[in-house]
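Converting from the sequence shown to the working numbering requires adding 48 to each position, the first position being numbered 1.
If you are wondering where the hints come from, they were derived from the structure by calculation, not from laboratory data. Nothing here was measured: the structure is a model prediction, and the numbers come from that model. Heads up, a few of these hints could be off.
[What the hints assert, rightly or not] Using C-beta positions, here's what the derived DEER-type ranges look like:
1) Ser-196 / Gly-105: 24 to 32 Å
2) Arg-175 / Arg-204: 16 to 24 Å
3) Arg-122 / Glu-177: 31 to 39 Å
4) Arg-103 / Arg-204: 46 to 54 Å
5) Arg-184 / Asn-55: 55 to 63 Å
6) Gly-105 / Asn-57: 21 to 29 Å
7) Thr-200 / Leu-70: 39 to 47 Å
Glycine included, each C-beta is placed from N, C-alpha and C at the ideal position.
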Amino acid sequence: MANAELNENQLGRARNAAYRYLSLRPRSRAEVERKLTEKEFPPAVIQTVLAGLDRLGYVNDREFAGLWARSRVRLRGFGRRRIEQELRSRGVSRDIIHETLAGLFADSSEAEVARKEAQKKLKALERFEPCVRRRRLAGHLERKGFSSDIITAIIRDMHSLQQ
Numbered sequence: 049m050a051n052a053e054l055n056e057n058q059l060g061r062a063r064n065a066a067y068r069y070l071s072l073r074p075r076s077r078a079e080v081e082r083k084l085t086e087k088e089f090p091p092a093v094i095q096t097v098l099a100g101l102d103r104l105g106y107v108n109d110r111e112f113a114g115l116w117a118r119s120r121v122r123l124r125g126f127g128r129r130r131i132e133q134e135l136r137s138r139g140v141s142r143d144i145i146h147e148t149l150a151g152l153f154a155d156s157s158e159a160e161v162a163r164k165e166a167q168k169k170l171k172a173l174e175r176f177e178p179c180v181r182r183r184r185l186a187g188h189l190e191r192k193g194f195s196s197d198i199i200t201a202i203i204r205d206m207h208s209l210q211q
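Can you build the whole structure from these sequences, using the hints too?
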């Protein structure tokens with residue numbers, strides 16, 4: 049009887065910890081699992097809590113990946129590679145990542161996002177020589193996660209770089 053009460057107590061504490069963690073922002077299943085493991089809950093309790101969260105729809109990696117990717121493009125101007133790296137670090141499976149990115153960049157071209165980012169950055173680079181502008185812009189776009197093909201095309205097309 050004491051063991052069942054202990055297990056039920058741990059289950060309630062783990063469930064509450066998961067709810068608190070999820071209340072801050074959407075999380076991937078792996079993030080919630082990591083957090084509960086850090087709090088030293090037994091693996092059986094963690095799996096039970098995760099199954100309950102799945103059933104309630106509180107943990108859904110596909111939905112999380114879509115929300116995360118859209119917000120990173122819209123708010124931060126990130127490219128495909130950067131978003132992929134961030135989702136991988138949050139424990140989202142490669143299949144879900146590739147589905148999400150294919151859907152995301154079907155709506156808005158990655159090159160369009162990169163072009164908007166480049167235009168914003170160029171305002172801060174106006175005082176530099178053209179070669180310095182090109183180098184700094186390329187580095188900025190690379191850190192944002194855009195491919196070298198896109199970066200090269202943008203730099204070639206930017207008229208303000210030749211001034």
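Each hint tested on the structure:
{"no.": "1", "hint": "Ser-196 / Gly-105: 24 to 32 Å", "in the structure": "violated, 40 Å"}
{"no.": "2", "hint": "Arg-175 / Arg-204: 16 to 24 Å", "in the structure": "holds, 22 Å"}
{"no.": "3", "hint": "Arg-122 / Glu-177: 31 to 39 Å", "in the structure": "holds, 33 Å"}
{"no.": "4", "hint": "Arg-103 / Arg-204: 46 to 54 Å", "in the structure": "holds, 52 Å"}
{"no.": "5", "hint": "Arg-184 / Asn-55: 55 to 63 Å", "in the structure": "holds, 58 Å"}
{"no.": "6", "hint": "Gly-105 / Asn-57: 21 to 29 Å", "in the structure": "holds, 26 Å"}
{"no.": "7", "hint": "Thr-200 / Leu-70: 39 to 47 Å", "in the structure": "holds, 42 Å"}
Comparing the model with each numbered hint stated earlier shows that hint 1 is the single one that does not hold.
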